[in-house]
Amino acid sequence: GAGVSQTPSNKVTEKGKYVELRCDPISGHTALYWYRQSLGQGPEFLIYFQGTGAADDSGLPNDRFFAVRPEGSVSTLKIQRTERGDSAVYLCASGQAASGELFFGEGSRLTVL
Amino acid sequence: AQRVTQPEKLLSVFKGAPVELKCNYSYSGSPELFWYVQYSRQRLQLLLRHISRESIKGFTADLNKGETSFHLKKPFAQEEDSAMYYCALKRGGADGLTFGKGTHLIIQP
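Chains as they are written, first to last, in my numbering: chain A, 17 to 129; chain B, 5 to 113.
Chain A with its partners taken away, still in its complex shape (with noise of 0.2 Å):
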């Protein structure tokens, strides 16, 4: 596809489950990024990967949140633990270093009840 792809759109758990949140982006972008968006609130930045490595993960609110992007294209978000307050969208964005300019996916809505 020509866009960011973010699976699963939607996602149900109970309290103190496992997730994996899975982002493909636009073939050939080497920056991937992951940012959080609560009701009525922007993106808030969560990890920027440069190519496999994480460049950048000083937005992971604790230590129950990991991504990871081990071949440099598709990066999994994981939260152990899940609690009520991870509830948001998570957006997925890729683009070319140091450009600015972020490709976002349509997010993976986590509900946790």
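There's no promise every hint is true.
Below, simulated SDA-like cross-link-like pairs (lysine to any residue); rule was C-alpha separation at most 20 Å, straight line [unchecked claim]:
hint : chain 1 : residue 1 : chain 2 : residue 2
1    : B       : Lys105    : A       : Glu60
2    : B       : Lys105    : A       : Gly101
3    : B       : Lys105    : A       : Gly56
4    : B       : Lys13     : A       : Ser54
5    : A       : Lys27     : B       : Arg47
6    : B       : Lys13     : A       : Glu60
7    : B       : Lys13     : A       : Gln57
8    : B       : Lys13     : A       : Gln53
9    : B       : Lys77     : B       : His108
10   : B       : Lys105    : A       : Gln57
11   : A       : Lys27     : B       : Arg45
12   : B       : Lys61     : A       : Phe119
13   : A       : Lys94     : A       : Gly67
14   : B       : Lys13     : A       : Gly56
Covered, in the sense of this in silico footprint (three residues per stretch, anywhere, with C-beta under 8 Å from a C-beta of chain B), are these stretches of chain A [to be verified]:
hint : region
15   : 51-62
16   : 113-120
In short, the hints are calculated from the structure, not lab data. Quick caveat, the model's predicted, so the values are computed rather than measured. Here a beta-carbon is modelled for each residue, glycine too, at the ideal position from N, C-alpha and C.
Here the structure of chain A is known, so what remains is to put chain B in place on it, guided by the hints.
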């Protein structure tokens, strides 16, 4: 730490009227500023960036370093401009964008 402030959660104007969406930032270095837009049922997408100094869909934005502002303006609003608008800041040398909370622009017919 950097911060982006959009003071208006909601802005409603009539078609044909001028529009100004406010954005103020705090950052000690040389930032790059952007406006992103999200139309109903569409993805968040780049509208314009200050270094390009371009007009997109009739919108312009000027970086005012003295006032640390990057307000978005359009002289004559159109109904299709209704959307969520986010101001964003990129720190020099780093890549993650910091977004404001957004302004919901409604253009009334």
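Here is what the structure says about each hint:
The suggested pairing of Lys105/B with Glu60/A holds, with an alpha-carbon distance near 9 Å, which does not exceed 20 Å. Among the hinted pairs, Lys105/B with Gly101/A is consistent with the structure: their alpha-carbon atoms are about 18 Å apart, no more than 20 Å. Among the hinted pairs, Lys105/B with Gly56/A is consistent with the structure: their alpha-carbon atoms are about 7 Å apart, no more than 20 Å. Of the supplied pair hints, the one linking Lys13/B and Ser54/A holds, its CA atoms being roughly 15 Å apart against a limit of 20 Å.
Proximity of Lys27/A to Arg47/B is assessed by CA-CA distance (about 19 Å); at most 20 Å being required, the pair is judged to hold. For the proposed pair Lys13/B and Glu60/A, the alpha carbon gap of about 17 Å is at most 20 Å, so the pair holds. Restraint check for Lys13/B and Gln57/A: satisfied, since their Cα atoms lie roughly 10 Å apart, inside the 20 Å limit. For a cut-off of 20 Å, the pair hint linking Lys13/B to Gln53/A stands: about 15 Å separates their Cα positions.
Under the criterion of a C-alpha separation no larger than 20 Å, the hint pairing Lys77/B with His108/B is consistent with the structure, at around 14 Å. In summary, the hint linking Lys105/B to Gln57/A is supported, as the alpha carbons are separated by about 5 Å, within the 20 Å threshold. Taken as a hint, the Lys27/A and Arg45/B pair is honoured in the structure, with Cα atoms around 18 Å apart against an allowance of 20 Å. A hinted pair counts as satisfied when its Cα atoms are at most 20 Å apart, and Lys61/B with Phe119/A qualifies at roughly 19 Å.
For the hint pairing Lys94/A with Gly67/A, the CA-to-CA distance comes to about 18 Å; that is within 20 Å, so the pair holds. The suggested pairing of Lys13/B with Gly56/A holds, with an alpha-carbon distance near 9 Å, which does not exceed 20 Å. Residues of the region 51-62 of chain A with a Cβ under 8 Å from some Cβ of chain B number 7, which satisfies the need for three, so the listed coverage holds. Here the region 113-120 of chain A counts 7 residues with a CB under 8 Å from a CB of chain B, which clears the bar of 3, and the coverage holds.
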